[in-house]
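Enquirer: Taken in sequence, the protein lines are chains C, B and U.
Residue numbers 1 to 190, in the numbering used here, belong to the letters of the first sequence in order.
Residue numbers 1 to 400, in the numbering used here, belong to the letters of the second sequence in order.
Residue numbers 1 to 360, in the numbering used here, belong to the letters of the third sequence in order.
Hints were generated in silico from the structure; no laboratory data involved.
Don't take each hint at face value.
Derived pair list, reagent style DMTMM-like, types lysine to aspartate or glutamate, alpha-carbon separation capped at 25 Å [stated by the list, open to error]:
(1) B:Lys193 to B:Asp286
(2) C:Lys4 to B:Glu218
(3) C:Lys42 to B:Glu149
(4) B:Lys306 to C:Glu70
(5) C:Lys147 to C:Asp97
(6) B:Lys94 to B:Glu62
(7) C:Lys75 to B:Glu218
(8) C:Lys42 to U:Glu38
(9) B:Lys59 to C:Asp113
(10) U:Lys340 to B:Glu379
(11) B:Lys210 to B:Asp196
Here are a few chain B residues that sit away from chain C, every Cβ distance over 12 Å (derived from the structure) [as the list claims (entries may be wrong)]:
(12) Glu2
(13) Pro18
(14) His29
(15) Ile31
(16) Met221
(17) Arg241
(18) Ile278
(19) Glu282
(20) Gln327
(21) Gly331
(22) Tyr334
(23) Gly352
(24) Arg362
(25) Tyr374
(26) Gly378
Keep in mind that this is a model prediction, so the values were computed, not measured.
We put the beta carbon where it would ideally sit given N, CA and C, even for glycine.
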Amino acid sequence: MELKVKTVKRVDGFQEALYLPAIFNGLKLTVQHFFRNLLGAKDVVTIQYPEEQRPVSPRWRGRHRLTRREDGFLKCVACYMCETICPAQCIHIDAGDHPDFSIEKYPVVFDIDELRCVFCGLCVEACPKQAIRMDTGVIAMAYSSRKRFDYTRDLLKDTYTPNQRTKYTNIPLPKTEDEALPNSRGIPSS
Amino acid sequence: MEAVEKEIRNDADASIMPIEIGPAHPAMHGIVRFTTYIDGEEIIDMIPEIGYLHRGFEKESENSRWIQITPYTDRLNYVSPILCNIGYSMAVEKLFGIEAPRRAEYTRVIMGEISRITDHLTCVGAAAMEVGAFTFFLWFIKAREYLWELVEQVTGARLTTNWTRFGGNANDIPDGFLQELHTRLEQTKDILKECDALLTRNKIFIDRVKDVGVISKEDAMSFAFTGPMLRACGIPYDIRRSDSYSVYDDLDFEIPVGTVGDCFDRYLVRMEEMWQSISIIEQASDKMPAGPVILDDRRVSFPDKKEVYGNIEGLIDHFKMVMDGHQPPLGEVYMPTEGGNGEVGFYLVSDGSGTPVKCRVRPPCFNYVAAMPYICKGEYIADIVPIFGSVNMIGGELDR
Amino acid sequence: MDVLIGILLIPTVQAVLKIFVIIFALVMPLATVLTLMERKWSAMIQDRVGPNRANIPFLNNFRGRGALHIAADGLKSFFKEDFIPEGADRFLFTIAPYFGFAAAMATFAIIPFAGPIGDFTFQITDVKPGLLYIFAITSLGVYGTVLAGAGSNSKFALLGGTRASAQMLSYEVFIGLSLLGVFMVYESTQISVIVNGQNTYWFGNLIPKWGVLTQPIAFFLFFTAMIAETKRAPFDAPEGESEIVAGYFLEYSGMRFAAFMLAEYIALVGVSVLVVTLFFGGYHIPWLHLWESAPQWLVSLLQFMKFTIFTFFFCWLQLQIRWTVPKFRFDQTMALGWKKLLPVALGNVVVTAFIILIAN
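Just chain C, with the same shape it has in the complex (with noise of 0.2 Å):
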């Protein structure tokens, strides 16, 4: 298409001078905000956290979990994809040899250091076995000892809970594990 070019307006003149109109303008603008939220805090954005807490998309990146199988033993088969594809290297694995010959592998040892992560999702997406996942909806983790973020195998282990807290409702919520996986085709599934 053609370059269309728009010459921005600067309106400095006779108004402009007097000082008073825009201050006018300017002063009803926020006096109408002002008593809209003066009785009744209509407009009001704040989130009182902790008591509220901010409603997250069912794509939040929060803090990592282990999926599980129906029998209750994690998916997770130590295929060290996650950890090798993570840019942080932030997740260790140690494999062992799992008794059924059908699941080789399962890790021993599968540590995240939550500090170094940079909560990209990479990991998820490199998962052949949809083992780990993002969608705990945990927006940040605050303690007041580094060791704390080192989330050891057994501390990820999770179920999954739909993440309701999403205000919006013209997105729907993701109603099945399957159907919250995130899409790497992209193709809309509506």
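Given the structure of chain C, go ahead and fit chains B and U onto it with the hints provided.
Expert: Just chains B and U now, kept in the frame of chain C:
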């Protein structure tokens, strides 16, 4: 600078006072340090010192695979991260010689323009706050929150988006997003109109920014300005039109330019660019085609999860892609894109292996900060505030 | 008992008691509440909530919607480390906060808060050159900022102090010039005469001769000049906040800083009080004199309430202006004053003189 120092040393009661507008200062957003020599209130000389936020982006990239660099690009221009993501991904796509599918390009345009609006909201809001209009800033932050919630709906994070992949995007926009987008854009338009009424015709503000920090067209070009700073001087240079990429050729928008090149022009140009971005988003959301959002090319994208769970070829492709990384062909490429602050260019050199030889980003604000002494000479010390506010220095981008 | 009444009838004792009541029961509470109200009202303008977290733990975490922040701020200032920067002039650094404090408080000495009941006036003292007293006291306030700026061994503070001195000195001129019009209309500098003069009416009992109606331009000028004098936005270049971080009180901490802040808020109340007294009829409620059978105490009470409500409105207006308008650059403050306000003020004086000449 040497002359000034000599004068101070030779003359014991010289009236030139060196003052540190130091790294920890309310007006030095990002972090940068200016050693200013002032005579009364007038600036005689200024020495900028950058690098307080240097994190070694280039060196880090030399040890990472191509896909692992995408999270680093979020943190370059951290107020418009998707534009940096797009720039990097398009550069790698250029290296591969591929193009993303249409739907991916349209969603990239939408999310990129949302990011551009957040960039301008932050810049103009912070500059206005330092000039004294606190309410203006907080209303803009409210608008920015609405937009960040939109970004979060799509990418999964407000700021560390990591959304584009080579050959497309990580995921598609969710259902119902376009409706939500429309609602939020209406709210943003209301806030833009209110804030415009608060400040644009206010003589106090006009006096603060008019004819302050003037830079002529020739000087701006010799400093290699791009983006809103150059457009405010009167040169209609916008990479979305001159070196058009993605689907910007199909979208109809105007380039706002200024006349004088002072802070007032830069403020007006940025305000107008926000309106233009809103118009681009509306056009793109109307024209959005259906289709895939990532190229089904095993050189660049992970296979579909069904393939990975289903058959062995998909699993092997996935495994090779993760373990070896992307392997673009031998070559070097420079891809300029229009970032929030100007021309964000990525210069990539590939030797065919999984890690880049060089991954350099051209920060637009490097030139602006380099030109700061030139612009500020002769201005008052209180003028540093609107000038630096209009320069929109983003520490992550400047220091990388 | 008789001795007590005898003592109370001494005018000096009455004045001292009035000082205590006015300062401790009226001015200080209002100024302190304004420190919190500034934050809450600015929050309401900016679509947020403002401070609401300070609580008393053992009283079931009682919060009072943020009212406890007043006490919290006071306690915090009290317990902070009080240090004097190395190289600073100790004496000047120490006495500087209290000039502004004293000057701000002293403006309340001549303001009548309600109508007199018999012989008892609600005014601490009624000196003949009342307006001139106001000019003198506001001039004393300059010392505070200049000494703070020059006495802290810091470049930013020096810049702030220099700016403050120039700004405050020049805007006193405009205060004087704008009040010259008031002086001419009401034909006296004595405050009680000015206030009573605003109780007279045009067209017989129809429109009260309030200062804002007889001297509208002087009202705007006076209000602007007083905002500049107290260094509130948009004239807070000495306080900088963006370029010189905090200006003249940069190096102060703890209770000394609280003294500066409190002085600023007391000055805010002082400005409102002066504006109400000189331009909005003081304590007089228009047309109240038509209600002949009103008891004296009720009249005084109603007048006091009117005075308080109007004062509160002007305090609110000053806070509202702060959050609406951007700041002036320092040389623009001076240019505004000397190049734009001075001709307007002189023109006002000339026009007023002309109209008075014609009307007589």
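Enquirer: Kindly indicate which numbered hints from before are broken by the structure, ordering the numbers from low to high.
Expert: Those not satisfied are hints 5, 7 and 17.
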